[in-house]
Amino acid sequence: MPRSQPALDTSPKVSDEIKKTTCYMCACRCGIDVHLRDGKVRYIEGNRDHPVNKGVLCGKGSAGIMQHYSPARLHAPLKRVGPRGSGEFEEISWEEALQLATSWLEPIRKSNPKKLAFFTGRDQSQSLTGLWAMQFGTPNFAAHGGFCSVNMAAGGLYTFGGAFWEFGDPDWDLTKYFMIFGVAEDHASNPIKIGIGKLKSRGAKVVSVNPIRTGYNAVADEWVGIRPGTDGLFVGALIHELFRTQSVDLDYLLRYTNAAWLVIDAPGAEDHGLFARGEDSEQLVYCTASKAVAGCKNTDAKPALTGVRTLPDGRSGRPVFELLAERFLTDTYAPEAVAEQTGISADQIKRIAAELAHVAFKEEIVIDQPWTDWAGRRQEKMIGRPISMHAMRGISAHSNGFHTCRMIHILQILLGSIDCPGGFRYKPPYPKQTPPNLLPHGAAGEIKPEMPLGGPHLGFPHGPEHLLLDDNGGPNRLDKGFSWDAPMSAHGLMHMVINNAAAKDPYGIDVLFLYMANMAWNSSMNVPGTIEALTATDENGDYVIPKIIYSDAYYSETVPFADLILPDTTYLERYDCISLLDRPISEPELVADAIRHPVVKPDRDVRGFQEVLIDLGHRLKFPAFTNDDGSPKFPGGYPDYMVNHQRKPGIGPLAGWRGTDGTATCTGEPNPNQLDHYLENGSWFGLHLDPEHAYFRHANRGYLDWGIQKGIRASADPTVFQLYSEPLQKFRLAAEGFGDRQPPDSHRDRIKSYFDPLPFWYPPFEETMVDEARFPLHALSQRPMHMYHSWGSQNAWLRQITAANRLYVHHSVGATIGVEDDDWVWLSSHQGRVKCQVRLMDGVNPDTVWTWNAIGKRRGAWGLDEDAPESKEGFLLNHLISELLPAGGGGYRYSNSDPITGQAAWFDLRVGIEKADNTGTTAPYFESLGDASQAPSPERLAYGKQWKEPAE
Amino acid sequence: MTTLPEKTEKKLGLVIDLDICVGCHACATSCKEWNTGGYSAPLSDHDPYGADPSGAWLNRIHSYEAGGRTVHFPRSCLHCEEPDCVTVCPTGASYKREEDGIVLVNPDTCIGCKLCSWACPYGAREYDYDDGVMKKCTLCVDRIYNDHIPEEDRVPACVRACPTGARAFGDLGDPESAVSKSVAERDGYGLFEEFGYKPVNRYLPPREPLNLPVAEEPEAAETPPTTDTTQLGKLFAWIDRSLS
Amino acid sequence: MHPAYSVILFTTASGAGYGLLFWMTITYAFGMLQVSPWYLLVILIVALLLITAGLLSSAAHLGHPERAHRAFSQWRSSWLSREGVAAVATYVPSGLLGLCWLFGIESTLTVWLSLLAALGAVVTVYCTGMIYASLRTIRQWDQPTVAPIYLMLGAATGALLFAVLLALASAASIWTSLLALAMLGLTAALKRQYWQKIDEDPDPVTMEDVTGLGRFGAVKPLDPPHTRPNFVMREMGYEVGRKHAEKLRRLVWLCLFGAPLVLALLALLSGPVLAAIFYLTACLSAAVGVVTERWLFFAEAEHVSMRYYKAA
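Protein chains in written order, with this note's numbering: chain A, 1 to 952; chain B, 953 to 1196; chain C, 1197 to 1508.
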């Protein structure tokens, strides 16, 4: 019987044009090809040439169309007319909006710049926002790193001048053993996915250390279902085992670390525990050949790693290595001792340590690539220990995260696996010095009316002398960053800003200016308390936080609480600059940055936030944005700034195609045609490193010099890994009563305890302060891979995948309290309780419950219907997390944060669970926010119908 | 034309590696995005911002726990060799292409009786309530031969997007093709083969856990006795030997 | 399977219509039907109305009813197409028969036409049954009794209707009652066998089977692809509680079989007026019963694709 198939055009037209820009569905910054047809977005796919994603695109990026056309987009500037939270707004013009903002900001700048707090959330233009805040002169600026991963950044930068996530990557092509600690589905997105795919396909081993077995952890060859907050014990036990089995890379330690540096051993002296120093403050080692001390840079010395040595002044000094070995070879870190607390058997710990040792030392990689070390010694080969590690939120968001992070880096260093073939690799401009030569600014003396700040807000204190204190020794920043509460808070403490402002502790402010941070919902700990703070009134009925300006692209839960809304564009409508001055897109062998540019025109009266900042900067007459004659410095707005702003002569936001003819890279005169070059190259720039600069860049003479030439390194000295961190000891000495800057008595014990120059494990604070019998479980949240923060819920496609979250509970816990899938439970903490539905699973640590983050939504936001599952069933753990710890001795309530960095400790949460009646909706069930200013959302979608090929 | 071709020139299909699929849904959303403006345009969504959001999707990602493992499991049409979803169609709208074996629904002749979806044991056919016709994976028939698309991109959208490389596309009828070789090497399997539709797509099962060699205990190596028998003492003695 | 009312209505109404058509044409052909030509026409019209209502209702179930004509093309492989062809084909002899009777023609031609119509009715209902019986994806339908039950239910409900119509014309006789009793009894036996079979044959297909993941151990769903039901789950994932199903099965026994059997028996023993009332009551009861039976036929049917969503 003859068959006839319908005629089919297998080669239909796809698009009118393809525009290449940078994704912003999360912070990964992948290159995308946006196919446009009839002025609409037909399709978005990964840019094959792009260094970050190499053509692939994740679940979020591939749903970009629905983000761009979301009904939750803001349409015009809004001025609040009803009470805060009512959502009663009137639309105003941009001119009126900017005048209003100026009228609020100008008097503050002229009187007391501290009265402005300017904080940004998921923003990727901190070099601009930071500059703006510096120009304003307020000390109160930071981004969201304080509740994101400052422990990772600080832990890494103080230890080896780099850090996980975007500061480095495993050597995906060569590594043979990959350990991931506390990595949820999203950090990072495509690079890790590509990498894991590569590793697994060529038979490398992936070990996941995570209480929850989903996503990356699901495909790991070995899952270590650790109890939350005990990673430090586990890693400490691995270090213990490496020491016990004599499996450390001594040559690597001598070459690249401070293992041999002598630490002054003079208890009671003001310099006890600091490094012994010789001429020019050079740290000393003990040379076993000359039997005398020598400078640490003396390449002829044969430094000792052990032994009590006599210092030139007659006192004793001991090498760092010996102190480190003593710390970790104690029984505290013996596998048998940590097994119970971590929930990991001693045998498993020992085996993993032995596997690490085997891969590092029996399967080393040798690359025939000569290079020159920092001292000018030619090396014939590059020797690699093919072990790499990556860690993220599960380490970071604990109050012991800084030390745990340092411990992981020390584990890497002992194995000799940092920036070597097969190991962890820096991405330029990393490595920096340890700690980076970047100090925080904003102490009392630096804040004056109409005076820009002398330097960036955020940095890395080397000791108490770099704290930002007021005249009484108290915090000078509203978030208490860089004060004795959180001395090394390199990213600030955004999570404390609103509550501190409402409590006027340390002081009240006049204007709160927020960008792209959903602080009235999923970005705050203790949401009800934060809402209370946003709406608190004084005895006159005036708001305690008098003015709130907010910029976002979407109608989030935070919008209704602001007094003035500056509507931002979507990511396809804007310029952006992903800069080497901020968070570039470099790869280990590529210095790279990128731009976003408008690929579609906004159909609403909205402006990119950076445009608005530059405009406001000029209206406020900031020197960086205003010419001497009063005219704007960047009349062309943000793209003008991207091209023409110079941070230092020759160094601007973009590194590519500099110089008037466009031939210079990294440094050079501004080039008026720079953006055209970026557009021609797919919106990114990359400069490849020479093969001899591919590894050991912390001590690679060629790279160090090249880095200075290119403006990505500040010092030609090598980066020496700090197994022992002297800045911590300086803080500790201050707490012990030395020096002219000492903590108040209330803080002394805390500083003494936690500012240990060698990493150690201590239990997360919350569990030591609450009744563990009432709150026996740990509660965690992770972001689903296909969602990012709260943005995903307005996305018609992504929310179909996850419109409501469940509390995932181990089967044994479910059996104990008698619940099955979808039954309701009460989950309570010392802060409050939440009603939610459970799902039972096996792949979770039995002491842990968890849920997907930021799925729960408040009614009246994100363009969702009142009865959307996100608000009826969806819930947040945020309601259970206090921004403050319970009152300790003395009644002071510290921030629920890491004592060193101020990192929000939202993974410390302890909860109890009990069965609830199987009815109703989640609790707390907040009343609906008004969203009358928004157009109703459509009831059907048939996106793409217009491109249906007509029937034959 | 509802009858099945006796033989197809190729057996195009997907190979999905369950060992590296991390469940990111990239294949699902990229599929939705491509196809809502492509051959199957539109893939409608109902109540997209309301209480009961749903829509036509041609690829869906389950997750299971199987004997203690978490397995992410993408599921779409398997382009079976002998599927009843084609033969039950009363209009001939559902057909299997002779040239490449792709099972398609002709959106211009489908009457929307849904019988083909009843005949599919894999739940791979999705009715578009708004459009009134059945939708299904087309293996991106409007991409894989499309002259407007660069040659290297002429693969289904899901394969093009997949960040871990867990999806491959090719001719499973050709034993020499890369996909056939990976199936042979990894013991790839067809879903629910017992049912008898002869699915073409293949799944590569999660690998067995790796057992790596471990380093020897130092006691096993030649360790001269030291006076200090504490662990620290042994370590320091080793260091002294190593550095001398 | 989702019990769509249009499909339930279609299969029950057209089933009864074809049953009626069959009995009237077959008895006519064999000279057993002693009513006036105009009453023949009335019975025929009732049968065709039921059939047509059913067919229209099934067309309403389509996404594109305006393309329904395309469904006649694939009779070589598709039972649905065959059903369409048979249904339309059956209209030809039935319509001609009606015309003949309208013009008072009764001849060999009308005998042949009625035999053809009877054949058409049987074939059409058999095709309907086979649409379901041929689906191996649904264990409860992939049963040898399914098509016979469709035929027998059409025959039984048609016989009851036939008895009502004859009783109204005072033309009922012993054999009309016996016919209804026999059909009901036979169908009940078949249905009993069917339910026994599906009850004792629990779904052998597991989540381990369909995913191929059984090699690692027991398979449990962790997260569904989407948090709200999709088309497949709505269409194939309909579930009826065991207790509820048992209640409904009892209703079927009572309304479809028990009551009509007793009423038909009573009608047999009654005078013409009372018989008509008994038949009519039996018919209404059977209508409730057959709709319930058909609803259960769908609601109790488990589609194998649901194993991807829910463990057995």
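Treat the hints with caution; some may be incorrect.
Straight-line C-alpha distance at most 30 angstroms; calculated DSS-like pairs for lysine-lysine [said to hold, decoys possible]:
1. Lys1150(B) x Lys1393(C)
2. Lys1393(C) x Lys915(A)
3. Lys710(A) x Lys297(A)
Think of the hints as simulated: they come from the structure by calculation, not from any bench. Quick caveat, the model's predicted, so the values are computed rather than measured.
Going through the hints against the structure:
no. : hint                    : in the structure
1   : Lys1150(B) x Lys1393(C) : holds (28 angstroms)
2   : Lys1393(C) x Lys915(A)  : violated (40 angstroms)
3   : Lys710(A) x Lys297(A)   : holds (25 angstroms)
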